[in-house]
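Full structure from sequences and hints, please.
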Amino acid sequence: MKKFILSAAILATLASCNYNNTIATNYEAIQFGNAFVDNNVRATDPSYSGTKKLTEINVYGAINGTVNIFNATPVGGNVGDATWTIKDGTTQYWIEGANYEFAAVADVANLTTDVVANAGGIPTSLKYDAADQGDILYAYLSRNNVAAPYSVVDFSFKHLLSKVNVTFKNTTVGDVDDYNIDVKDIKITNPYKSATYEITNNSTNGTWSGAWNETSAVVDVNYATEFGDILDVKNGKDATIETEMLLIPTTQDLTITFTVDICNGDDVITSTDYSKTITTGLLQGCSYNVTISQSLGSKIQFTVSENPEWLSGTNPGEIVL
Numbered sequence: 039m040k041k042f043i044l045s046a047a048i049l050a051t052l053a054s055c056n057y058n059n060t061i062a063t064n065y066e067a068i069q070f071g072n073a074f075v076d077n078n079v080r081a082t083d084p085s086y087s088g089t090k091k092l093t094e095i096n097v098y099g100a101i102n103g104t105v106n107i108f109n110a111t112p113v114g115g116n117v118g119d120a121t122w123t124i125k126d127g128t129t130q131y132w133i134e135g136a137n138y139e140f141a142a143v144a145d146v147a148n149l150t151t152d153v154v155a156n157a158g159g160i161p162t163s164l165k166y167d168a169a170d171q172g173d174i175l176y177a178y179l180s181r182n183n184v185a186a187p188y189s190v191v192d193f194s195f196k197h198l199l200s201k202v203n204v205t206f207k208n209t210t211v212g213d214v215d216d217y218n219i220d221v222k223d224i225k226i227t228n229p230y231k232s233a234t235y236e237i238t239n240n241s242t243n244g245t246w247s248g249a250w251n252e253t254s255a256v257v258d259v260n261y262a263t264e265f266g267d268i269l270d271v272k273n274g275k276d277a278t279i280e281t282e283m284l285l286i287p288t289t290q291d292l293t294i295t296f297t298v299d300i301c302n303g304d305d306v307i308t309s310t311d312y313s314k315t316i317t318t319g320l321l322q323g324c325s326y327n328v329t330i331s332q333s334l335g336s337k338i339q340f341t342v343s344e345n346p347e348w349l350s351g352t353n354p355g356e357i358v359l
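According to the working numbering, the sequence shown is numbered sequentially starting from 39.
Bear in mind the hints are in silico, worked out from the structure with no lab data behind them. Beta carbons are placed, not taken as given, at the ideal position from N, Cα and C, and that holds for glycine. Please note: incorrect hints may appear among the correct ones.
Label-pair restraints from in silico Cβ distances [to be verified]:
| # | residue 1 | residue 2 | range |
| --- | --- | --- | --- |
| 1 | Asp270 | Asp119 | 53 to 59 angstroms |
| 2 | Gly303 | Cys324 | 36 to 42 angstroms |
| 3 | Leu321 | Asp270 | 32 to 38 angstroms |
| 4 | Ser194 | Gly303 | 50 to 56 angstroms |
| 5 | Cys324 | Val154 | 22 to 28 angstroms |
| 6 | Asn109 | Asp192 | 18 to 24 angstroms |
Structure, rendered in structure tokens:
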């Protein structure tokens with residue numbers, strides 16, 4: 039009898055395990071897709087959109103705030119795809135009734151060791167060096183007390199940096215091809231070189247603060263954002279620089295310097311250095327265009343005030359026959 043009871047107990051245990059395993063294999067895998075970046079920009083823009091597409095992100099995930107299930111896990115695809123591929127083969131499942139948090143960071147090639155996370159592995163701060171000129175995008179979402187049917191995790195990214203380009207306008211009136219203006223060595227000389235984006239309460243919101251490299255100041259005197267040159271702008275024309283820059287947002291005034299060469303053909307007539315103050319600051323996620331205007335001034339014109347008169351009378355030059 040005891041042997042029979044023991045066998046029944048074993049069978050009951052096996053049956054229980056089999057039942058639980060069957061439920062487990064029906065859990066749905068967590069998938070990612072349809073990552074979205076809301077921004078329309080020029081094709082030469084170094085940030086995501088235009089001709090540069092978001093194709094890979096690093097995903098972070100936590101269950102109930104403490105169990106880390108994704109840790110900078112690479113996920114790839116195309117914006118708008120129904121699902122993206124988890125590149126390292128990681129598979130995690132939806133657990134009914136659990137609370138989930140997900141975050142994603144894009145373009146972290148130079149930031150991998152500089153993402154600080156909480157106990158569940160969700161980023162709390164991102165450290166950035168502007169010399170890398172890499173765009174940073176961040177997304178966060180949570181799903182509490184999840185229940186079937188489980189949906190794909192759709193990220194909506196926001197830009198954490200500011201974008202700046204420069205336009206020069208030659209405001210000289212008149213179509214004269216002999217003259218042109220070159221604007222050279224355009225720089226913002228006092229941008230933040232490095233800073234930390236502090237994420238607020240596990241959200242997409244945050245603020246930039248301080249220099250994370252303790253050996254240097256927030257504004258590095260040896261660092262300047264170099265846009266390059268805008269050349270050969272004819273009278274009445276304008277041109278936008280082909281090198282747009284990504285900068286750390288700031289409320290401080292910025293200084294832009296440049297040299298204006300006024301030319302006649304290949305000959306430089308005057309060359310003047312300028313230093314101007316940008317007083318607006320730079321807001322996170324905003325695109326700015328700095329416009330520089332220059333005119334040649336008045337045209338050179340000629341006139342005759344009166345007709346010359348013939349003089350009469352005797353004078354040393356008079357010819358007497």
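Q. Can the suggested window of 36 to 42 angstroms be confirmed for the beta-carbon pair Gly303 and Cys324?
A. 40 angstroms, holds
Q: State, for the Cβ atoms of Asn109 and Asp192, whether the hinted interval 18 to 24 angstroms holds or is violated.
A: 21 angstroms, holds
(Q) Within 53 to 59 angstroms: is that where the Cβ-Cβ distance between Asp270 and Asp119 falls? (A) Distance hint for Asp270, Asp119 is violated at roughly 43 angstroms.
Q.
Is 32 to 38 angstroms respected by the C-beta to C-beta distance linking Leu321 and Asp270?
A. 33 angstroms, holds
**Q.** Hint check for Val154 and Cys324 - Cβ pair distance inside 22 to 28 angstroms
**A.** Cβ of Cys324 to Cβ of Val154: about 25 angstroms, so the range 22 to 28 angstroms holds.
Q: Kindly confirm whether 50 to 56 angstroms is satisfied by the beta carbon distance between Ser194 and Gly303.
A: 53 angstroms, holds
Checked against the numbered hints above, the structure breaks only hint 1 and satisfies the rest.
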